[in-house]
Amino acid sequence: MTLQMITDFIALNGYGAYVWPAFGVTVLALGWMAVDTLHRLRANERLLNELQKDDPR
Amino acid sequence: MFNFLANPARFMRIGNAVLPWCWTVAAIAGAAGLYLALLASPADYQQGDSVRIMYIHVPAAWMALATYTLIAFFAAVALVWKHPLAHLVAQSAAPLGAGFTLICLVTGALWGQTSWGTWWEWDGRMTSVLVLFFLYLGIMALAHAFDDNERGNQMSAILALVGFVNIPIIKFSVDWWATLHQPASVFRAGGPAIHPSMLWPLALMAVAFTTYFAALLILRVRGAIAARKVQALRLVKGWNR
Amino acid sequence: MGALLAITIHDLRLAWRRGAESLSVIGFFVLAAVLFGFGLDGDTAILARVAPGLIWVTALLAAMLALERLFNADYEDGSLDSLLLADPPLELVVLAKCLAHWLATGVPLIIAAPILAVILNLPGSNLVPLLAALALGTPTLTLIGAIGAALTLGARRGGVLISLLVLPLYIPVLIFGVGAVGDGARAAAALMALGGFALAALALAPFVIAYALRQAAR
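Here the protein sequences come in this chain order: S, D and E. Numbering-wise, the first sequence is residues 11 to 67 according to my numbering. Numbering-wise, the second sequence is residues 3 to 243 according to my numbering. Numbering-wise, the third sequence is residues 2 to 219 according to my numbering.
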């Protein structure tokens, strides 16, 4: 894995300036989807646990 | 209310069982797909390495359409059979669908700039995908616009069904109007017209996106069910005070 | 039939009472066209090219601005419930109200269109296609808009929400509406598409609207 190979891979024959932002945006969007989902899940389950502790039913 | 509590438990049992499989398949398909997409597949003879964006753009587009179809299906179920869980699933899927649509639009703009020389074109497909994005936003906004949650869900479901007319427009727009977009190469009568070295990463990324979506949907629905229980418990506590 | 006519006249009278609204609507269109003329520095060549688009966008905005009032007054004072129980089917009542809305927004635009065409330097041969396109398209705008109005009854920030909901559904009408202003086969095809939209909206929208109104009244 020479430095030349790595720089070639990043440059992608000049298209790198478009390809990498595309993949980057995708990772960000997918990541946000996961973070938001998990955040909501944890917040709601925490609330539910607290409410059910005071009032076991 | 206890009728509602019974079914979701079954739903969550199935969901929780399926969840680890979804993550695993997503990880494997994603890794394999990315490897093929970025390293082991050929550059296009016309578009060079920019074609690698296709391996994200196209599966994202498929997800955007499939998710909307899912939402419309559950919206119809919710309106006809009045099952509250159907509303939850539709509403949980909406932000995920919006996310995939956004990915499709942004990667499409980047890809378009390199291969057609323009970031955007008001052709049939791009315009209708933009419309799809606004429909997603509308579905989410409408559901939360009312003090009465049930009413919000119902109006949102109606909107989802009205907007479903956009889906065939997106699918067939490249056939109806001669445009920059190429006509269908995978889902067409006669089978895919694309070389296996490109079809494999495409399929793998599609599988990865689908299983990722399924995992997140299960978790979102789980969160939504918990939120419903919180609401119900708070109501009961309010009475007992 | 008598009841439907009464509803239409009632709504129109309400619109009229809000300060001779139809006249001010036409005035709004002419003013908008004049502003566009100034804004584009009186460049007649550019004006001629963008005239169809400008006129159509004005049509959209005019339809959208009047949507919030379509059902709100009845919803707030409770007469929506009596409309639900009234003799004529709710779908026809809805059509009557949409007719009133169209008479207050779409028809003034069609009347103002020749004036706008002159101000915006639209080629004379395009006037008839423009009028035809508006005649077919503006009722569709009203009907689709009414769906949005019915869905957002009683919502928080209803006005902004209506625009968000209705805009994506308006875009095809806008695209074909502008496309129909011209000559040749493409324009004729666009005009037919507009006609198709109008028929579909006429057939389907009243049922969707009535369904949403029934949910709202519960």
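Keep in mind the hints are simulated off the structure, nothing from the lab. All of these numbers come straight from a predicted model, not from anything done at the bench. Don't take every hint at face value.
[Unchecked claim] According to the in silico footprint, chain D covers these stretches of chain S (three or more CB under 8 Å from chain D):
1) 29–40
2) 43–51
3) 54–61
[As the list claims (entries may be wrong)] With a straight-line cut-off of 20 Å between C-alpha atoms, the simulated DMTMM-like cross-links for lysine to aspartate or glutamate are:
4) D:K231 x S:D18
5) D:K239 x S:E60
6) D:K231 x S:D64
7) D:K84 x D:D177
8) D:K239 x S:D18
9) D:K239 x S:D46
10) D:K84 x D:E123
11) D:K84 x D:E152
12) D:K231 x S:E60
Cβ atoms here follow ideal geometry from the backbone N, Cα and C, with glycine treated the same way.
Each hint, compared with the structure:
no. : hint           : result
1   : 29–40          : holds (count 8)
2   : 43–51          : holds (count 7)
3   : 54–61          : holds (count 5)
4   : D:K231 x S:D18 : violated, 54 Å
5   : D:K239 x S:E60 : holds, 13 Å
6   : D:K231 x S:D64 : holds, 14 Å
7   : D:K84 x D:D177 : violated, 38 Å
8   : D:K239 x S:D18 : violated, 64 Å
9   : D:K239 x S:D46 : violated, 29 Å
10  : D:K84 x D:E123 : violated, 41 Å
11  : D:K84 x D:E152 : holds, 10 Å
12  : D:K231 x S:E60 : holds, 12 Å
In this structure, the earlier hints numbered 4, 7, 8, 9 and 10 are contradicted, and the remaining ones agree with it.
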